[in-house]
Amino acid sequence: MKEIIIATKNAGKAKEFKSFFSAYHIEAISLSELDKDIDDIEETGTTFEENAAIKAQSIAGMMRCPVLADDSGLMIDALNGRPGVYSARYAGEQKDDQANIDKVLYELKGVGASERTARFVCVLAVAIPGEPAIFKKGSCEGTIAFSEAGENGFGYDPIFIPNGYNKTMAQLSSAEKNKISHRKNAIVQLEDWVKNQNK
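Using this note's numbering, read the sequence shown as starting at 1 and increasing by one per residue.
Since the hints were made in silico from the structure, they are not lab data. Glycine residues also receive a C-beta, built at the ideal position from the N, C-alpha and C atoms. Keep in mind that the hints are not guaranteed to be accurate.
Cross-link-like lysine to aspartate or glutamate pairs, in silico, EDC-like; alpha carbons within 20 Å at most [to be verified]:
1) Lys9 - Asp96
2) Lys95 - Glu3
3) Lys9 - Glu27
4) Lys2 - Glu27
5) Lys13 - Asp40
6) Lys9 - Glu93
7) Lys177 - Glu151
8) Lys179 - Glu16
9) Lys2 - Glu131
10) Lys137 - Glu151
11) Lys9 - Asp40
12) Lys36 - Glu49
13) Lys195 - Asp39
14) Lys18 - Glu148
15) Lys36 - Glu50
16) Lys95 - Asp39
What follows is a set of in silico ranges between Cβ atoms, one per label pair, in the way DEER data are often shown [what the hints assert, rightly or not]:
17) Gly110 - Gln197: 48 to 54 Å
18) Asp37 - Thr117: 39 to 45 Å
19) Glu3 - Gln94: 33 to 39 Å
20) Lys36 - Ala113: 46 to 52 Å
21) Ala99 - Ser174: 22 to 28 Å
22) Lys15 - Gln94: 36 to 42 Å
23) Glu176 - Arg89: 41 to 47 Å
24) Ser174 - Asp37: 27 to 33 Å
25) Met1 - Phe146: 43 to 49 Å
26) Lys109 - Glu176: 27 to 33 Å
27) Lys18 - Phe146: 35 to 41 Å
28) Gly112 - Glu176: 23 to 29 Å
29) Gln94 - Asp35: 28 to 34 Å
Please model the entire structure based on the sequences and the hints provided.
Have a look at this one:
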């Protein structure tokens with residue numbers, strides 16, 4: 001495998017995958033770098049695996065080359081696993097981070113500290129034309145804070161306190177976050193597969 005398309009237009013996410021794959025002499029190309037404009041693919045799955053596979057397989061079919069897609073979100077035990085696959089659009093289709101945070105904090109009103117357990121989950125799907133999709137999953141366990149704190153990160157980072165820390169994900173430096181994040185843990189799972197591809 002010489003190259004792989006990363007199914008994202010998010011520059012930060014693309015950079016993370018580029019640096020990972022470059023160590024294995026594989027060129028990672030994000031959707032925003034392609035000559036062809038690919039429309040957003042509707043995520044109609046009910047699990048992270050289904051959504052990641054829909055994206056990866058649709059684009060692999062169009063481009064006839066390996067594609068990596070990810071789907072990730074926040075699962076809160078006291079909310080029966082919500083927001084889950086709807087994390088990005090929990091408060092509405094406009095995908096407003098602040099509205100999503102406000103909704104979660106509102107729904108957790110009156111829930112005590114010990115009951116606010118949650119985890120970020122990231123599922124990576126690799127689609128190679130003509131082969132079944134490969135899945136790798138990573139998570140980061142923690143709890144939901146009672147109020148927002150921190151300026152770094154995005155999404156639910158300002159209200160998520162990773163286990164072993166007394167501050168939110170948004171108060172960690174990028175380097176600290178990247179050591180423990182759900183995406184990093186999924187990438188670690190991916191490593192063995194990539195090594196075998198290069199044999």
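- Taking each numbered hint in turn, which are not upheld by the structure, reported in ascending numerical order? Violated hints: 2, 10, 12, 13, 14, 15, 22, 23; rest satisfied.
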